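Take the given structure of chain A and dock chains B, C, D, E and F to it, following the hints.
Chains as they are written, first to last, in the working numbering: chain A, 209 to 546; chain B, 209 to 546; chain C, 209 to 546; chain D, 209 to 546; chain E, 209 to 546; chain F, 209 to 546.
These are calculated hints, taken from the structure and not from any lab test.
Incorrect hints may appear among the rest.
Cross-link-like lysine-lysine pairs, in silico, DSS-like; alpha carbons within 25 Å at most [claimed, not checked]:
| # | chain 1 | residue 1 | chain 2 | residue 2 |
| --- | --- | --- | --- | --- |
| 1 | C | Lys281 | E | Lys521 |
| 2 | B | Lys278 | D | Lys326 |
| 3 | E | Lys274 | C | Lys214 |
| 4 | F | Lys281 | A | Lys278 |
| 5 | B | Lys281 | D | Lys408 |
| 6 | C | Lys357 | C | Lys367 |
| 7 | E | Lys274 | B | Lys274 |
| 8 | F | Lys326 | C | Lys385 |
| 9 | C | Lys521 | E | Lys274 |
| 10 | E | Lys382 | C | Lys281 |
Predicted model only: the values in this text are computed from it and were never measured.
There are 6 protein chains.
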Amino acid sequence: MNHNFKTLCFGELLLRLSTPSHLRVEQSTSFNIDYGGAEANVAIALSNWGGETSYLTRLPFNFLGKSALKFLKYNNVDTNPSFEGGDRLGTYYLEVGIGDRGSNIEYDRANSGMSTLKTGMIDWDKVLENVDWFHYSGITPALSQDAAKACLEGVRIAKSKGITVSCDLNYRSKLWKYGDAPQKWMVPLIEASDIVLGGKNDASILLGTQFQENDGYEDVPKRIKEQFPHLKYVATNLRQSFSATHNRISCVITDGIETYQSRWFDMPNMLDRVGGGDALMAGLIYGLQHFKSDLDKVVNFAGSSSCLKHSIKGDALICELDEVLRLMEGQDSGLVQR
Amino acid sequence: MNHNFKTLCFGELLLRLSTPSHLRVEQSTSFNIDYGGAEANVAIALSNWGGETSYLTRLPFNFLGKSALKFLKYNNVDTNPSFEGGDRLGTYYLEVGIGDRGSNIEYDRANSGMSTLKTGMIDWDKVLENVDWFHYSGITPALSQDAAKACLEGVRIAKSKGITVSCDLNYRSKLWKYGDAPQKWMVPLIEASDIVLGGKNDASILLGTQFQENDGYEDVPKRIKEQFPHLKYVATNLRQSFSATHNRISCVITDGIETYQSRWFDMPNMLDRVGGGDALMAGLIYGLQHFKSDLDKVVNFAGSSSCLKHSIKGDALICELDEVLRLMEGQDSGLVQR
Amino acid sequence: MNHNFKTLCFGELLLRLSTPSHLRVEQSTSFNIDYGGAEANVAIALSNWGGETSYLTRLPFNFLGKSALKFLKYNNVDTNPSFEGGDRLGTYYLEVGIGDRGSNIEYDRANSGMSTLKTGMIDWDKVLENVDWFHYSGITPALSQDAAKACLEGVRIAKSKGITVSCDLNYRSKLWKYGDAPQKWMVPLIEASDIVLGGKNDASILLGTQFQENDGYEDVPKRIKEQFPHLKYVATNLRQSFSATHNRISCVITDGIETYQSRWFDMPNMLDRVGGGDALMAGLIYGLQHFKSDLDKVVNFAGSSSCLKHSIKGDALICELDEVLRLMEGQDSGLVQR
Amino acid sequence: MNHNFKTLCFGELLLRLSTPSHLRVEQSTSFNIDYGGAEANVAIALSNWGGETSYLTRLPFNFLGKSALKFLKYNNVDTNPSFEGGDRLGTYYLEVGIGDRGSNIEYDRANSGMSTLKTGMIDWDKVLENVDWFHYSGITPALSQDAAKACLEGVRIAKSKGITVSCDLNYRSKLWKYGDAPQKWMVPLIEASDIVLGGKNDASILLGTQFQENDGYEDVPKRIKEQFPHLKYVATNLRQSFSATHNRISCVITDGIETYQSRWFDMPNMLDRVGGGDALMAGLIYGLQHFKSDLDKVVNFAGSSSCLKHSIKGDALICELDEVLRLMEGQDSGLVQR
Amino acid sequence: MNHNFKTLCFGELLLRLSTPSHLRVEQSTSFNIDYGGAEANVAIALSNWGGETSYLTRLPFNFLGKSALKFLKYNNVDTNPSFEGGDRLGTYYLEVGIGDRGSNIEYDRANSGMSTLKTGMIDWDKVLENVDWFHYSGITPALSQDAAKACLEGVRIAKSKGITVSCDLNYRSKLWKYGDAPQKWMVPLIEASDIVLGGKNDASILLGTQFQENDGYEDVPKRIKEQFPHLKYVATNLRQSFSATHNRISCVITDGIETYQSRWFDMPNMLDRVGGGDALMAGLIYGLQHFKSDLDKVVNFAGSSSCLKHSIKGDALICELDEVLRLMEGQDSGLVQR
Amino acid sequence: MNHNFKTLCFGELLLRLSTPSHLRVEQSTSFNIDYGGAEANVAIALSNWGGETSYLTRLPFNFLGKSALKFLKYNNVDTNPSFEGGDRLGTYYLEVGIGDRGSNIEYDRANSGMSTLKTGMIDWDKVLENVDWFHYSGITPALSQDAAKACLEGVRIAKSKGITVSCDLNYRSKLWKYGDAPQKWMVPLIEASDIVLGGKNDASILLGTQFQENDGYEDVPKRIKEQFPHLKYVATNLRQSFSATHNRISCVITDGIETYQSRWFDMPNMLDRVGGGDALMAGLIYGLQHFKSDLDKVVNFAGSSSCLKHSIKGDALICELDEVLRLMEGQDSGLVQR
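The shape of chain A in the complex, shown without the other chains (with noise of 0.2 Å):
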């Protein structure tokens, strides 16, 4: 590794409430604690992995506010930009399915920390101060019209810095209910970006992405690219859902010259699917900052972290470098380790 790049990554932190068992929320006695968000599992992944990485947010610090902050102290990520405010912590309740019982999923994040967050909030001078890379998701600019125009004041100012910027757009129907149309807020900001991660609705939605008749998902990148052709990549998660525990995935990447796809991971017994296209986000930035030449081992990493997250409890990726290389490279599969 030649350099050791410093990843800001920027979004709400979240408290996930989930069945134990695959219970019913109706048959629980009890909630697992997890903490995560689409940015805070791409920043412990990264920070588990060896790179210094430092999170972003606004929330209370009551006390599961810090509670959520000492989880990602706990993996080494710096919380020093994070700073104090909102009324309550993002929560959302998990009903975890299995076979033909899918998960539910209730959101109750409404007057969050980054909902209520404004511009000038923050110092974007000093958070950003050493970073090489900045990482947001469209979740963010989803929140509320202020939380959107507060990132789009980040981005930009990490843009002019020179500093590489990569979103994941992350579409929710459930959010943007804030009255804009989301296309307002997210074409800008992926102006202002230079690696994005989407699949087809997000693109369509979020951008306004213009599809052909015959295209699949696998041309989604193609197309995001050449609607934007200053990106400099453009990425695109593929899941295949045959229940709620078998999905297959694979990754793929463009540089608006050539196209490389992940072989297919197969999961046949998932552990935990939440946080999967995260942990594939994680890998794309980790994979462009250490294999930037080579693609096709920057989509097989990409795919064996998202994998591999399926076989780990909680919303984040939590493992070491070598078992996401030793899996890239198909290595000894769950064999123990003795």
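What follows is chains B, C, D, E and F alone, placed relative to chain A:
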């Protein structure tokens, strides 16, 4: 839906004690608690789908019996028809298998309220007031001669009132120990019933149904219907068992004219196999109440109900109507709802 | 059964601490407790099948050591030959994997009772009294030179008394750290043994067995038998590992004249992979004791034992004889017994 | 009992998430789930004592809200008056203390169904049909101005129908944030009520009650009664707090003529302190409904209810009438019933 | 210690299912599993103190019965005298109280192996071979007339062989339901016994013992001894119950000449109250076997045993001899041993 | 606060495995996991109170060691001074007592990183950079002669740099097994220290302190100060042990001129007794850093810290500064904060 059917289910209410985490009984330091029973499971499923459902059983009002009744109330089942009696709550122990180790069941239901039920104990006119559908199973007559008499008493009164009567044959080899041949009671019971669910073994032993050499499992409904031409519908539950955690199921029904079979539901990751047949029975009742002209829809609804049950812990199918319908229509299998 | 064999197993008795619910070590707030060890697992399986079985080990009589011995008693294993000694109970930590994340093991067995065992500590004449079968594994000689000497002492005395001696080679790369080449001890040990179980790697490293270019895993027994013609039977355990929770296994044995292989056992939903080889060894011993003229039955019994182990939590196969026989005969795979 | 009172309780229904085993929030990997709320706890206690009780609340019909309602049904509370509305289920987090570490509560109930309740949403004539007793608390008017208006609307209608109206003042300093002085709403509410429970702090802040220099806690009922002579009964709950797990309680009531105090209940091993006041309120209501001429019995029944609550996990007193009566009569304290 | 006594205990072996964390039955989603019974608890305590102890019971060899026997083996109790029989394992449910909420017990032991025991089923000469001490309780004759006969058969044979016979009266009002007056069986049983433990109630009801007006609990042994002068020792267990979790106990014994009372043991934080009397009985047997000339030591050992039991989960006192001795000598109460 | 002290703690970091729910080891099927150690507990407490705190230890970087370090990071302790080494993570097993059954500890720390620490392994100049306060305990020199030398090396260098050096004597009879008399190392260590905490036993054995006939526990600080007049402060921890769950504590300190004693803290319901002394040590350090002129405040802060620790699960006091201050000031003992 043109009519809100009022269904009365009649049978035992049992305590189930099962081992957690696929442990053997001798490895367990605790048992999970669930309440159920073949007919109660039908009542719970119907009630959670919005039907007006009540339950008729006899059980002691000790802390176990009261908890069992509260569980029915929790699921919106009217327990007013139920009454106090018997020495103990019927119980069964379930050692939960996995892979090539099958589950083991140890029944402990002697001297329960239903085993010592007698004719004259129930004011049938009162409990059947405004009832549209009466459901029982072959388990009650298997408990004791007195229980068989009381069951026949009720079924005949229901029939005489024009109430639709359904029976799940549910042959259990460990019951029927009191001396009478099963057919002595089951044949007159079926003669007073309208709808029957049962497999080849159930029909042979309980009804003396004759099968032809080449008859498969899917021919069972036809043969029962031939034997009891007055029956409106006869159905059977097909199950292929590859391991304790991997089964396939399908449902067949006949009206004597045509036979319909649902698609096969493959379940490679079953969470809880018990109650799969009861959920199918509930699905049949719901289907015949609401889709009656469309037997193809009925069997696919029943199959979907049963399939969904295998993803839910406990004896009973606890889900909303919409979840069965989505599975029946093949939507979004196992996707996260967010 | 013409004879109730008395089997003495000799080896370490270990504490296993494993993560619950497939959590990573760093996510766990508790460890599950199990007691086992390669040779103890054999003793437990044999004892639960009705054999008269005793265990010889050396361990400290602190609360952990006493609990470990009580666990053997619980399983009807006679612990009278075992005696107090050593600073600590050998321990290992198991991070339980799933899917594409393999399990990780961290051994912590330095200074255990068996590691510091010395010749002369055991009154072999007494512990071998009335013993028909003596079983050990390649783990004991791997612990220390003293342990290797003591092991050889016992094996030779057993041999000289006409007791059948079996060895599971069980090569562990993290052991054998005390300087001597493994073959220095393993070759004379095998020369004093009658029956050997081992894979290609075990044989190459521990015995220096030579393989031909096209030899597959199923040729291992033949080659070992060629090298040690005095051996009565040589067996090997075939395992295909698709993921941490999906393996296939089979068993091969040779008497030098003919080679027999069991059917393949497919295990797509393994509950606990550890101890699969020990259960196979127990199955071989039981088979050779009771079906001796029928090696085909022996390998299928051994394969069934091993397969069943993967559905049982902990290191040891805890089941009744009847369960292995039913699986061997392919009956009722995974059906509910009710 | 000469009359089966029909009681309607009106208030929020909350999700409580509490730490298991006296862990701190940051140490917990799960939260225990309970449903409750000051007025719901009253309804549950009354219903389990055999009273006909119903609950009126507004909450979203997501999986949390539905589970909360099912919990009321489980306890025989009629939920028909409750209706759908609001963005989220009111929630609170409870870090359970022990010894010298007190419990901590973090409310998270903004935008709940009751916080956004408005006048006109409830058909009071319908929900009050056949109701004998209407119970509310000072928490509802503390949520928002709209909620205060709606509460006053209901209380006045109930009063006008001759229904007995009781109020638990329940001052919560973290609520009442919407700008109006509490007395603006609480004074007219009490003017339309018949029975009030409250402490010195509640009365001062919510009602502006004046106390004399030497007034003790036991003088509170007298002073409130002097301020509001129309009230039939005024009661207060005395609590001495030695530690998080050791309190003493007593109950005082006055009819304006005489004042009665219960014995002191010493509780050195409290299991769950929350809901102690609600259980006392339930005891008062039950007592005034059934022992009305005997205020000494009323306070001792109320004190016993409250005492018993501290031995039961969750917010609500879940017990049978007989258990309160036995404690009130000092029988068999803590003996095993066998 | 001059002699290693061989003690045979005779009685039921029960499954206990208790609520975790002081939950009510209706709040519980699991029951903790323990195995015990008045006489089995005595056997377990004696065995863990190093005595040679065996157990004689009749129970079904289903998975519950086998697990119960394994639990005795785990505690070094010889189960060879026990044999198969009866329809079900006797069971009881325990709702664990706290503070002013007492524990509740629901027996469910009809048709157990011991309830249907008959004379002639046991080969008394064989089971009593080499036995020094035979212990039974008043529970067995309370189960059924047949059980009473079989018990008397055994006690008389033991007595005739010169074996010391001890009886714990153990009156249970919910038993003795088969019609005979308890004294019909208990009087001849005590006439054939040497040592009796019992309280005032036990003696009055089971033996018809007459007490004088001023007799306290501590006079019970004297009165029983007067009634049955052949008895060597008579003891009683004094218990003051302040709450479900706070009791005080003491032990009194008489040889007819002098009466000795232990100190009082105060237990403000009891973990598990069940089996306190059985542990005292075990302490008496151990004391009389080993300290016989020193009755003061006997009662303090018995009191210490009982006290220690209240700090151990389950029915049986599981501890080492040294722990009782240290408590008896007042050493290091509650200090950390490190 | 005029200055943010930077404190470096130096010692082992241990894995603690304790039994849940007051079970005996042999009853447990799992162990709770905690990380701690005398000096680490001090670091964690100080860090959570806002101090800049770092930890210096040597441990293997296997999954246990890494998890232990992550736990420090979680608590905001800087782990940069710690480094890889040693064969295993020091471990201890805790059987958690209750009432009259004391807790038992089994140490298993041979060959840990600190046991095999040698002089020269630590770059003291680097780790002590900018450090104001250096804390160690008498446990490190008790592990091995090499560890004692390395400890003395560090203490002397710290002293020479003008850093305040504190020592908790912490005598452990099960350590100090390597041959040297404890005083050989402890006397020179104390000669290079500024502040000492210890009890009578610690001082006698480790330092050879002479006591007068009538000296009580509260005279310990005075005698140590007389022996080592260069010490700035000497403190002792008074503990009265009534049972495993009921202790009383107090703290005494002297500066050689005056002696101050805190109030007594009564703890009748202790949750976790381990680490009570370490929390007191942390309280002393904090107190001397921030209230230095006010020794009365120092001892009451230290006593409050220790008292609070007994209400928190695990080895370390995890709380906010404000909680200690509130307890010190006697506010709101055990009240619910809502």
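Structure-based check of each hint:
1. C:Lys281 with E:Lys521: Between C:Lys281 and E:Lys521 the Cα gap is close to 21 Å, so the pair holds against 25 Å.
2. B:Lys278 with D:Lys326: violated, 34 Å
3. E:Lys274 with C:Lys214: At roughly 22 Å apart (the allowed maximum being 25 Å), C:Lys214 and E:Lys274 satisfy the hint.
4. F:Lys281 with A:Lys278: holds, 8 Å
5. B:Lys281 with D:Lys408: violated, 40 Å
6. C:Lys357 with C:Lys367: holds, 15 Å
7. E:Lys274 with B:Lys274: Answer violated: E:Lys274 to B:Lys274 is near 30 Å, above 25 Å.
8. F:Lys326 with C:Lys385: Within the cut-off at roughly 23 Å; holds.
9. C:Lys521 with E:Lys274: holds, 19 Å
10. E:Lys382 with C:Lys281: With Cα atoms ~36 Å apart, E:Lys382 and C:Lys281 exceed 25 Å; violated.
Checked against the numbered hints given earlier, the structure breaks hints 2, 5, 7 and 10 and satisfies all the rest.
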